[in-house]
Structure formats: C-alpha cells, structure tokens
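There are 2 protein chains.
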Amino acid sequence: MGMSRWKPDAQTRLVQAALELYGERGFEQTTVAEIAQRAGLTERTYFRHFADKREVLFGGSTVFEETLIHAIANAPDVATPIDAVVVGLDAVAEAMFPPERHDYARRRQAAIMANAGLQEREQSKFASLVAALVVALGQRGVDEPTARLTAEVGVVIFKVAFERWVDGDQHLDLSQLIQESLRDVRGVTAGEGSAVGAAA
Amino acid sequence: MGMSRWKPDAQTRLVQAALELYGERGFEQTTVAEIAQRAGLTERTYFRHFADKREVLFGGSTVFEETLIHAIANAPDVATPIDAVVVGLDAVAEAMFPPERHDYARRRQAAIMANAGLQEREQSKFASLVAALVVALGQRGVDEPTARLTAEVGVVIFKVAFERWVDGDQHLDLSQLIQESLRDVRGVTAGEGSAVGAAA
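Chains as they are written, first to last, in my numbering: chain A, 1 to 200; chain B, 1 to 200.
Quick caveat, the hints were computed from the structure, so don't treat them as lab data. Treat each hint with caution, since some may be false.
[Stated by the list, open to error] Over 12 angstroms on every C-beta distance to chain B, these chain A residues come out as not near it, computed from the model:
#1 F27
#2 L149
#3 Q170
#4 E180
[As the list claims (entries may be wrong)] Below, a list of computed lysine-lysine pairs in the DSS-like style, where the Cα atoms sit at most 30 angstroms apart:
#5 A:K125 x B:K125
#6 B:K53 x B:K159
#7 A:K125 x B:K159
#8 A:K125 x A:K159
#9 A:K53 x A:K125
#10 B:K125 x B:K53
#11 A:K159 x B:K125
#12 A:K125 x B:K53
#13 B:K125 x B:K159
#14 B:K125 x A:K53
#15 A:K53 x A:K159
#16 B:K159 x A:K159
#17 B:K53 x A:K53
Values in this document were obtained by computation on a predicted structure and should not be read as measured data. Positions of the beta carbon are idealized from the N, C-alpha and C atoms, including for glycine.
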C-alpha cells in the first residue's frame, strides 16, 4: 500500500522525511532545509512544528505525557502508586504504540542510538517525564519521596519494556512487556537474579 | 581555616573558581577565561583538565565509575546483582563523599539545577554509568536483561540517596541514605505506599 490513498499531515510527513534522511546519511549530515524539501514543505513550515533539528523525533512526547497523566489521575483510588503508574504506561502503550507503529519506532530508535545529541534529548524528555509523574502522583496524595522513587522506577520499567518491544518481533504487545518489566524490577529489587556462584 | 596552609592542585582550584563564578553570576554568564583567571591559571591549563565549560563540574565522574566498578568486581560471590551494586555505591560514598565534601556537593548541585545544559550533561553521565554497570554485572555472570534493570535501579537508588544527602544536614551519612533508598525502592516496587483511600 503506497502513500496514494492517504495523505499524511505536514507533521507526519516531516517526521517520515527526517527518519529517511537520518537513515540514509545520518543526523549530522542532514539539514532542516533538506528535511522540509523531502517532505514537500518549506523550512518555515518545519519550524512551525518543531523547535530544532532534534525535536522532529520527539513530537510525540507531549501526547505521551498527557496520556500518562490523564490515566494516572483516573486510576482506581485503591491503586498503589506503582500500580497507578503502570496503568498510565499501559494507556500510553495502547494509544501510541500499536503493532503498526513498530516499524516507525524501530527506525526512530536506530536514529537516536546513532547520535549523542539525540540521546541527550531523549534523556531530557525522560527527566521531564519523571517530573510530570511526581506531580501526577502528588495529586493522588502520594508523599514526595515515594512519588519521586515511583516515578523514577516507572520510567525504568517503560524504558526497558520499550527497548524490548523495539528490538523484538513486531507482534509483541507493549502492554505485556510492561507487565514483564514490572515483574523483573520486582525480582531485581527483591534481590533475585543469579549470584556468581549460581551462574558458574 | 583559610587556604594558606594547603595549596590545592590546579584541577581543584579550577573547580572551586567555577563554582564561585557560577554561584555569583550564573553558568551562562561565566567564560572559561574568567574561571582560569579566578583560579590564577591560564585558559590553556583549563583545557588540559576539562574538555569544555560544563565538564569542570564532572571531573569526578571517572573516579566515581572506577571506584564503583572495582568494588562490584570484588563483591562477595554470593552477593545478588542488586547487593553487588549497593556494595559498589557504598564504596563510592565512602571514598568520594565524606562529610567534609558536603558543602562542595551542595554548591555543585545548586549550579547544575540552575542550568539545563548542566542537567543534560549530568543525565548523560548517569547514562554512561548505567552502561558501565551493565558491563560490571555481566562480568559477574549476570544475564543482560537482569544486568540492565539492576543497573538502572542502582542509578535510581544513588540519585535519590545523593539528593537526600545534599538537601539534608551535613552530618547525614550517604551510605545510610543508600540503604534507606534501597529499602524505599523495594517498598515502592512491592506496591507499598499509600493509595488515595489511605491518604485521604
């Protein structure tokens, strides 16, 4: 199925063009002008959508944060802090990362892994996600130290699950990988995992 | 006690000068030339010690990483992965963050918190710390997924403990705060922490 039956919006076309060019020649060797041209748009249009050359790969982070925060606010009252965060991560998985996004996610991740500046931008997005999670948990009445730790652990759970999703088969379900990542974090903090003696 | 009885080395003088200037006028408004001048050294000497204006606050990160990795390699064979990481973090706390470093750590943290670029640099140091921990755990025979999660959780434990140390009284012991942070992470992942119903 080509592009002919569906005309993506400007933002989607810019992201696709950027990913193509980053894949073909690398992030450093690509200019905003070239991205705009490949998308059939102007540089000015690019900067109406994205603040700089990095941001084109992070346009989804606002939706990500809003989906997460909204789901946490609406999690059952009886949910513990970590459960509320996992409910939020599940909502993100369902809304933003269905199987048909797997190929895009894989190419985007490859572009980020190939460039230190993009990795820095990704890390700063995760830091702002931690801050947003602390606020969301605070609004549920969770005390600050617990909220902070839960937020950090929540981001670890997501990062690890997302990497497994991207690295894996496209039919893997991100929600299931989040549950698996939560179980693994529980195991790790409880002190499971082979000691040297067990592995040798 | 003034500086008269002890002449700090060039690197220490540069760090002290940078912290003074960042505190007085902010990171953005300070040049490398001014840092060197305040330290009574040349710009060229500055760049022999640090790659750029940010790096002056991160000169300890190599020692940090080496201390951690060495202690993990020498942790008892029966230690589980998370225990080995905590042994490593304790070694770092003891070697690098005694009570007399508290004031320095507090001023350094304030400078970092005041500047997005410094926060990015700190986050990238934490990312490289995760990578180093994964290698160190791998050498103990820990499988990659467990190593990855343990490394991420270890960094969270340290970050939270270190913030509590910096924000707290100078007589707090960082090793104790690391143990406390480990206990709290265990509690959080086990699903402890007040649900909304309990807090209301």
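Now the hints, each set against the structure:
1. F27: About 16 angstroms separates A:F27 from the closest Cβ of chain B, which puts it past 12 angstroms; holds.
2. L149: violated (5 angstroms)
3. Q170: holds (20 angstroms)
4. E180: violated (10 angstroms)
5. A:K125 x B:K125: At roughly 16 angstroms apart (the allowed maximum being 30 angstroms), B:K125 and A:K125 satisfy the hint.
6. B:K53 x B:K159: Between B:K53 and B:K159 the Cα gap is close to 23 angstroms, so the pair holds against 30 angstroms.
7. A:K125 x B:K159: Holds: A:K125 and B:K159 sit about 17 angstroms apart, inside 30 angstroms.
8. A:K125 x A:K159: holds (12 angstroms)
9. A:K53 x A:K125: Judged against 30 angstroms, a Cα distance of about 15 angstroms means the pair holds.
10. B:K125 x B:K53: holds (15 angstroms)
11. A:K159 x B:K125: Answer holds: A:K159 to B:K125 is near 17 angstroms, not above 30 angstroms.
12. A:K125 x B:K53: holds (23 angstroms)
13. B:K125 x B:K159: Holds - the C-alpha atoms of B:K159 and B:K125 are around 12 angstroms apart, at most 30 angstroms.
14. B:K125 x A:K53: Status holds; Cα separation ~23 angstroms.
15. A:K53 x A:K159: holds (23 angstroms)
16. B:K159 x A:K159: holds (17 angstroms)
17. B:K53 x A:K53: Holds, at about 23 angstroms.
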